[in-house]
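J.: Turn these sequences into a full structure, and let the hints steer you where they fit.
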Amino acid sequence: MNHRAIYISAISATCNDYSNLDGLFDALLAPPESPATSAPIAPPPWHNCATEWASHTHRAIHQLTDGRTVLPPDCGFILGSTKGDIARQLLWMHEPQPSARPRPTLDQDAAALARHAGVGGPAYCISTACTSGLSALIEAAELIKTLAAPECIAMGADVISDFVCDGFKALRALSHSVCRPFDRHRDGLTLGSAAAATLLCTKPSPGAVLLSGWGAAGDAAHLTAPDRAGRGLTLAIERALAMAGLRPEHIDLIFAHGTGTPFNDAMEATAFASLFPNRPCITAIKGLTGHTLGAAGVLETAVACRILQTGVVPPVTGLENPDFPDLNFVVGRPQTSHPRRILKTGSGFGGLNTALILELPPQEPYR
Amino acid sequence: MSQQHSTISSTNATAWLHGWAGKAISTQEPRQPLDFLTEASISQLVADVLTASEALLQDLTLEQRRQLPLFLGTTDGSLVEDLLFERSRSIQAGRYASPAIFRRTLPNIILSEIALTCQLQGPGSTLVAGPASAALAVYRAITTMQLYNEPLALAAAIEPLPPADAAPRFLLMLLGMQPPHDRHPSGAKQPPICVAASLAPGAGGQAKVPIHVSGEAGIQAISDAIKATGTSKQTISATAATGLTILLQFSAA
Chain S
30 MNHRAIYISA ISATCNDYSN LDGLFDALLA PPESPATSAP IAPPPWHNCA TEWASHTHRA
90 IHQLTDGRTV LPPDCGFILG STKGDIARQL LWMHEPQPSA RPRPTLDQDA AALARHAGVG
150 GPAYCISTAC TSGLSALIEA AELIKTLAAP ECIAMGADVI SDFVCDGFKA LRALSHSVCR
210 PFDRHRDGLT LGSAAAATLL CTKPSPGAVL LSGWGAAGDA AHLTAPDRAG RGLTLAIERA
270 LAMAGLRPEH IDLIFAHGTG TPFNDAMEAT AFASLFPNRP CITAIKGLTG HTLGAAGVLE
330 TAVACRILQT GVVPPVTGLE NPDFPDLNFV VGRPQTSHPR RILKTGSGFG GLNTALILEL
390 PPQEPYR
Chain H
799 MSQQHSTISS TNATAWLHGW AGKAISTQEP RQPLDFLTEA SISQLVADVL TASEALLQDL
859 TLEQRRQLPL FLGTTDGSLV EDLLFERSRS IQAGRYASPA IFRRTLPNII LSEIALTCQL
919 QGPGSTLVAG PASAALAVYR AITTMQLYNE PLALAAAIEP LPPADAAPRF LLMLLGMQPP
979 HDRHPSGAKQ PPICVAASLA PGAGGQAKVP IHVSGEAGIQ AISDAIKATG TSKQTISATA
1039 ATGLTILLQF SAA
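Those protein sequence lines, which keep their order, are chains S and H. Residue 30 is where the first sequence starts when you use the working numbering, and the numbers rise one by one after that. Residue 799 is where the second sequence starts when you use the working numbering, and the numbers rise one by one after that.
Take every hint as true, because none was put in to throw you off.
Facing chain H, a subset of chain S residues (Cβ under 7 Å, in silico): (1) Met122; (2) Ala140; (3) Ser156; (4) Thr175; (5) Ala249; (6) Thr253.
By construction, these hints were calculated from the structure, which means they are not laboratory data. Model, not experiment: these values are computed from the prediction. The C-beta atom is built at its ideal place from N, Cα and C for all residues, glycine as well.
T.: Right under this line is the structure:
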């Protein structure tokens, strides 16, 4: 086992019309006079999703490896995704005789992207609903810890399709207007397409962020609805804090899952209120990005790294009238509060909950 | 997945088999063309998996259930539910898209059903690694126990599509860091089985996506190896699309 610390040494992201992380971060910091809330996005027909998948995932990989030409040959690659290259699967389903053709599987998507990144270590897909991205980060960290790979890329990717859109419509989970996480008038989520990637390693480097703790836990309460008491999320956060050797008062900022659905946000608020009596700041970005499903965890971790690097915290996009007045949301304008420790959380179908602790390494100045 | 005797140079992790369950499909069972798949096609598999899980984990305490790490390996994941949902939403421009089926169009849902039924709150992961999925779940269960000093872990492998042969469609393995004291996996007279797992990285840029992937073959090979361990040491290897290879070795203590 490897007892060295795990660092996130490179990050990249592409989301909807934002072709890189800098553009997305600038939009998140946009002044309240021009609120950058997302409008519902019309899904492309499924056969157009292939282009979107390739464009997002390839761009994220190119941006990650830019300026770092030599990845170790045995670098690992973990893809976190709910549906992967869904166009390929739908194409197969619409074949006249699908059973006569090879079945498309998520590991084939991981294999293709690992080839694209030029890495030859362990590569596969992890699929844990909306926590897939955070699970990919944990899987990558544990592969390094167990000496299965010296470094590992954790990537999250999913694209909007009419398949997924119809599903969320059927569940009545889509917003009729815009996504407003933690707002009194929140009425559901919007969907987004994204790919984000991180490189995990054991060597500190300038700008690297320490991944000091992680935890996951199941609700064991309901298959698709969150546990109202937030017990699974609380347990996941406690596990992450314990691994990092921290107490709740050490957390400067909570980067919430914040889908904008009534039950998810209430569950998160319950867990945060019970665990954090010191009321750290809370932010969430799905009001701008939409819910990018399996990509969300890595995308939001990349934004969290940028927050640590710049010291500037974006507001909860779309939040105007907080529904949970006892919590400390960042509302309206960005805050220059220089957080040093961020808790990133995620929850998903199946009662899954995941938490990461991201820290500026000791002595690392803001850049 | 192929049965062979070879060595792989990578980290080696060992654990003990505390119990296992698998579902074999009769060779007489008619194969179902995809066109005739219904919700009933998957509901029997789910019911069998949940019944087997309850039986396998019945002796676990509440605290053990709260901590138990869970790993599911699957190749096809939710492909059956995906097909059914796509069929439902194709009717009248999506107006009949079934919310009940959409909830199940995620590969991890069956693992969450196990967690819900057996009240498990440990960390759970669903791994998709082609023919190496089942072996990868076993490998990750063992390395997780070692990494976090967890006494027990559950490795599962489930394949939902109708089998092409007499392969089992699911496999559940309760693994422990210590040999089982009061329970024997396959009869009181048999000695406990030790499971060693190791991983070799993939072939990276040279890897080719295989034409056919079969998770059922992985489940079959592991089931056969466990059954045959009473008479001789069994070694199997499984290789994913990326060249990732997992080696599992089963031996009686």
